[in-house]
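Based on the sequences and whatever the hints tell you, model everything.
Going down the list, the sequences are from chains A and B. Numbering-wise (the numbering used here), the first sequence opens with residue 611 and increments by one. Numbering-wise (the numbering used here), the second sequence opens with residue 247 and increments by one.
Honestly, the hints are just simulated from the structure, not real lab data. Misleading hints may appear alongside valid ones.
[As the list claims (entries may be wrong)] Within a straight-line C-alpha distance of at most 25 Å, the following computed SDA-like cross-link-like pairs (lysine to any residue) qualify:
{"#": "1", "chain 1": "B", "residue 1": "K432", "chain 2": "A", "residue 2": "E1010"}
{"#": "2", "chain 1": "B", "residue 1": "K361", "chain 2": "B", "residue 2": "P334"}
{"#": "3", "chain 1": "A", "residue 1": "K979", "chain 2": "A", "residue 2": "P1083"}
{"#": "4", "chain 1": "B", "residue 1": "K370", "chain 2": "A", "residue 2": "V1008"}
[What the hints assert, rightly or not] Chain B side only, calculated, beta carbon under 8 Å to chain A, not exhaustive:
{"#": "5", "residue": "L296"}
{"#": "6", "residue": "L297"}
{"#": "7", "residue": "R320"}
[What the hints assert, rightly or not] To give an idea of the interface, some chain B residues facing chain A are shown, with a C-beta separation under 10 Å as derived from the structure:
{"#": "8", "residue": "A295"}
{"#": "9", "residue": "N317"}
{"#": "10", "residue": "L319"}
{"#": "11", "residue": "H322"}
{"#": "12", "residue": "L323"}
{"#": "13", "residue": "G331"}
{"#": "14", "residue": "K361"}
All residues carry an ideal CB built from backbone N, CA and C; glycine is no exception.
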Amino acid sequence: MRRTPAFLACAALGLLLPGLAAGQADERDSSRVVIGSKAFTESVILGEMMTGLLESEGISAAHWRELGGTRVLWNGLQAGDIDAYVEYTGTILLEILREDPTTDDSRLEALLAEQGVGIAARLGFNNTYVLGMRETDAQARGIRRISDLRAHPELKFGLSNEFVARADGWPGLRAAYGLPQPEPRGLQHDLAYRGLASRDIDVIDLYSTDPEIEYYNLRRLEDDLEYFPRYDAVILYRHGLRSDAVEALRRLDGVLDEDSMAALNAAVKIEGRPAPAVAAAFLSGRLGTDVTVRAEDRLRRFVDRSLEHLRLVGISLGAAILIAIPLGILAYLWPRLGELVLAGTSIVQTIPALALLVLLIPWFGIGAKPAIVALFLFSLLPIVRNTQAGLRNLPPDVRESAVALGLPTFARLRLVELPLAGHSILAGIKTAAVINVGTATLGALIGAGGYGEPILTGIRLDDMGLILEGAVPAAILALLAQGAFELAERRWGSWEARNGD
Amino acid sequence: MLTLEEVTLRLPEGFTLERLSFALEPGRTTALVGPSGCGKSTVLRLAAALLLPQSGRVSIGSQALTPRNANTLRHHLGYVLQEGGLFPHMTAGENVTLMARHLRWDASRVHARLKELLALIHLKPDHLARRPASLSGGERQRVSLARALMLDPALLLLDEPLGALDPIVRHELQRELRQLFRALRKSVLFVTHDIAEAGYLADDLILMRDGRIVQRGTLKQLVEAPADAFVSDFVAAQRQLADVLSEDDVVAESA
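Below you can see the structure in the form of structure tokens.
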């Protein structure tokens, strides 16, 4: 037969091959140390610092940057996908271990050890809420500590909406210190900095290593009653990490205070210098370590991202085609079973993409694997549904003729029904492909790479150029997939085009 | 050849066949006639095992049709639908030879049979290379007939084969079908609601109403000795050209 499902298989392979070609071995070299970082500037700089330090000591290291949050990194550490990353003690206690945030350090280390995790170094800064003022004002009034504010009821507070609302924010702070100032108005954080600069307000809340501290020349007021929980930055590593790497990371113990961290953040976020260069400059200045910074190659980066993206889409979509078409056929042959299959795939579709990615980490670790599994699951429904509907909606006289000829069920499917439903099946694959290309950008949150990576970096650095570097090719790829499948659909249905009655 | 014994079928739409029985003689052409919804197409679908009866027996030759042997027995019957039911993604030739190739006939046998059929059905070889959409309605029915005859079945089932054709083509195909049925000497069961067509093509008519057989016989018997008022009404409900012309005169004069 000239128009058997072979054509369909070819279409699938066409998408699959570039993906497989790009699918260099996923298994990692066990001697290589993998450092993780979260999707914000400070975490990325520290990740670069750790990676650079290890490499300068002759230890092969890779940096898995901008992963999507605490859960992803912690689970990655547990699964052995990453070996070390920087976490904050308050986050460890509240979000990971669900313990009282005032737990002392030795107890914290004991709790971590139960989970197979150790602390290699305490970097020396505490990134928590603080109150800040203009340096000149603070000097003129002699204010160093939050307690000093009690003597200055005339000061105007401009606090972020979140800080005003949180029980452990303003209400608790005012009670703890007995602050006399009137109820502050909540405002947006960026506006607060501007209000401070224009002298409309005098005191704002901030994170102690915000780059704006340096930029606006602000003074942090000491939390002398230790009201805010501590968010000390520590390097977590999993037990089993080679000891020379742990030793190397220990050299970062106490090397940073709030000011120097804020300065590094400002260098990247405000001056726009690349994070690897900033980290390398700090290492050579503070530890005398010589780190070679690899030159940025835009084209190389683009090619890598493209291959990663194609691989995510190609493997997941290819597997979905191979599974979903048979499922659609089963759903057509046995309608009862079909309802179950459709209900199952529909439920998967309702899970938010990020939630599904995080759910899959315990089984598949972090990186491309869970992303491919999630994209595969998301691609099932449109293909199953269109396969079943395409078969069910065939003209009844065509189906009856095929039955009356005496063709057995599977020959009938292969020779008549599937080729005629091909149009609908291709439309389902097209829908899946377009959804898949877009959703794959979220894979960057769990370290799967692809076009989502520049988008994440761009959002972090507020860099529209970088965002477009990911968003534009992703959009083009989606359009290409759409166009290719539309062309295939048109060719497939060509026997209907000529109507000679 | 085809035997129905006490066949009962109740369809969910409310349609019912009650204890229907009849047999076809080998080599004879039988027409199933009756108004729409009388069950004549349902009988044909039972004969091709597209429907299975709730009770009773449908046999092809000496074998009762069951879900297990249906596909084998279907090789011994040819089935033609009103719209042809051709597979739109295959050429006419592929449509005709599909089943033979599926049964692994060798190419020379397929070719020889195709050549016989072309002569029998008056199809041109270049029709075979075309897809159904680029054939006329009459050509499509010829292809459909060739497909039904490909395996040389003993029984031919036709469901309103000429129902969708324009009058000239229909007239021409009626003549060809009559010659064909006589030449082939196969058992033929065909469905039509046109009593004149039934009488022209078949010498054995079965008139049905509401799922029951009202009368069976030649056209002459139905006309001259109708079993009841329904039969005489049905037979009389054929407008003759001469009557129409005289009615037209009346309309024209009164206007």
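Against the structure, the hints come out as follows:
{"no.": "1", "hint": "K432/B to E1010/A", "result": "22 Å, holds"}
{"no.": "2", "hint": "K361/B to P334/B", "result": "22 Å, holds"}
{"no.": "3", "hint": "K979/A to P1083/A", "result": "22 Å, holds"}
{"no.": "4", "hint": "K370/B to V1008/A", "result": "24 Å, holds"}
{"no.": "5", "hint": "L296", "result": "6 Å, holds"}
{"no.": "6", "hint": "L297", "result": "10 Å, violated"}
{"no.": "7", "hint": "R320", "result": "3 Å, holds"}
{"no.": "8", "hint": "A295", "result": "8 Å, holds"}
{"no.": "9", "hint": "N317", "result": "5 Å, holds"}
{"no.": "10", "hint": "L319", "result": "8 Å, holds"}
{"no.": "11", "hint": "H322", "result": "9 Å, holds"}
{"no.": "12", "hint": "L323", "result": "8 Å, holds"}
{"no.": "13", "hint": "G331", "result": "3 Å, holds"}
{"no.": "14", "hint": "K361", "result": "21 Å, violated"}
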